[in-house]
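Number of protein chains: 2
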Amino acid sequence: MKRNIQPRLTLVGAGPGDPELITLKGLQALLDADIILYDALVNPELLKHVPVGVRKIFVGKRRRAHTYSQDQINALIVDLAFSYGHVVRLKGGDPFVFGRGYEEMHYAESFNIETTYIPGISSSIALAGLQGIPVTHRGVSESFWVITGTTSSGALSRDIEIAAQSSATVIILMGLEKLSEIISLYRKQKKDDIGVAIIQNGSLPTENMAIGTVDTIEEIARQEGIGTPAVIIIGETVKNHKDFPQSLANWKYLLN
Amino acid sequence: MKRNIQPRLTLVGAGPGDPELITLKGLQALLDADIILYDALVNPELLKHVPVGVRKIFVGKRRRAHTYSQDQINALIVDLAFSYGHVVRLKGGDPFVFGRGYEEMHYAESFNIETTYIPGISSSIALAGLQGIPVTHRGVSESFWVITGTTSSGALSRDIEIAAQSSATVIILMGLEKLSEIISLYRKQKKDDIGVAIIQNGSLPTENMAIGTVDTIEEIARQEGIGTPAVIIIGETVKNHKDFPQSLANWKYLLN
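Keeping their order, the protein sequence lines are chains A and B. According to our numbering, the residues represented by the first sequence are 1 to 256, in order. According to our numbering, the residues represented by the second sequence are 1 to 256, in order.
Treat each hint with caution, since some may be false.
Which copy is meant is left open, because identical chains are indistinguishable; a pair holds if it fits in one copy or across any two.
Simulated pairs of lysine-lysine, DSS-like, Cα-Cα distance not exceeding 30 Å [stated by the list, open to error]: (1) Lys190 to Lys25; (2) Lys48 to Lys25; (3) Lys56 to Lys25; (4) Lys61 to Lys25; (5) Lys25 to Lys242; (6) Lys188 to Lys178.
Think of the hints as simulated: they come from the structure by calculation, not from any bench. Note that this is a predicted model, so its numbers are computed, not measured.
Given only the sequences and the hints, what does the whole structure look like? Please build it.
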């Protein structure tokens, strides 16, 4: 006897890594799922919330092993929604921050599948904060600009060149492999002394960080052995970090 | 008999309004608090999680009634940490996104008070998403720039002028009163046809939105009676919204 299936898709942001940084609403979706599709950046601890008997399918991309193409994931979501009912698509960070979440949602909607978006804590804001680096700070930074290092064309985003001329805190996701290119854009603006932090595996016990300036960061990242996944944060607010030699924090505070 | 007091401060991001958008970690902090200080943008529903007997102090700013200055809040945190123990500072959105959270944390640390930051869902990303507008979308937007409309000097941030020249999705918090000024910066770049959405009380039952283009948004916002608190989103990705007359979503998707 087949039950009456209501095809649905819920996109859930899993947050930056720490499994306690999912929202209550995200957790409720996991409890209510008929099937789960999850990515490489999702902490497996989160899957323990999923009721026994609910299938969990890994559709993430791992280096040199592209298990599913984006088109295949889109098609899978639709197939599974019609055969299982409530599909929960669990993605690292927030589904709409370079997660291709909108493509999945839009594709499902074209089949008249009901969709819901549940935001997640984005690595772009939280990982700096967890290291004591505020992305904004009165008197130091009145904006932050989040840019992907990996555009669809493979080239560095032109936005990074403009960003290097602004006073924004610049946060680059998936940009580690282009670090030299990014740094040279800042050097061109004579911003050699701007603070830079690179955080790998942020919010997890394996977290590793390199911190320095435009001038020193490449060498420090090499010494620290920083690898992916990593977030790059560039801006004067990085100097608020307690380990920073000329910590801005003390005197900036007094000036306010 | 006085118990042994361990002064501590936890900054907790309450999220954009919907009380289910707090994180598990944030909720745990509320359960563990000895005293709570909360802001105007925090949903009162969240305070129901706080154990009976724990004092909750409102320190928010309301129009024409600045109950506490920032210096007074900083001093209060320190006093209360030494007299009560665990102070939980509950802030709307994320504490480090224009929340002056770093100032509070830094001040407490100067008294050797142990501090913790628990990120929250930032309105800057989530409110667009909840309206079906992704802040990034492959082929349309490869970055987003979050800017305050209200700088410490009171003037419009110069970053908005640069932003109007970039291809970033631009998200302006606390900028509704400067809407005309912002719009004229986009007109100067001949970007009259760029999409604009303004979301008031996002994620709450009272949510209200105006959506249009640089050309039409001021009139539409007036018609809809949009007031504060509101988030302004400017960029081609706004045209992904289902109500948008020339919805980009369909053909852009096919081009990918």
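Going through the hints against the structure:
1. Within a single copy, Lys190 and Lys25 get their C-alpha atoms no closer than 46 Å, and across copies no closer than 41 Å, so neither meets the 30 Å cut-off.
2. When the C-alpha separation of Lys48 and Lys25 is checked against a cutoff of 30 Å, the pair qualifies both within a copy, at 16 Å, and between copies, at 17 Å.
3. Taking the closest pair of Cα atoms, Lys56 and Lys25 come within 30 Å of each other both inside a single copy (19 Å) and across two copies (24 Å).
4. Taking the closest pair of Cα atoms, Lys61 and Lys25 come within 30 Å of each other both inside a single copy (26 Å) and across two copies (28 Å).
5. Taking the shortest Cα distances, Lys25 and Lys242 sit within 30 Å of each other only across copies (24 Å), while inside one copy they are farther apart (34 Å).
6. Taking the closest pair of Cα atoms, Lys188 and Lys178 come within 30 Å of each other only inside a single copy of the chain (16 Å); across copies the shortest separation is 33 Å, beyond that limit.
Checked against the numbered hints listed earlier, the structure breaks hint 1 alone; every other hint is satisfied.
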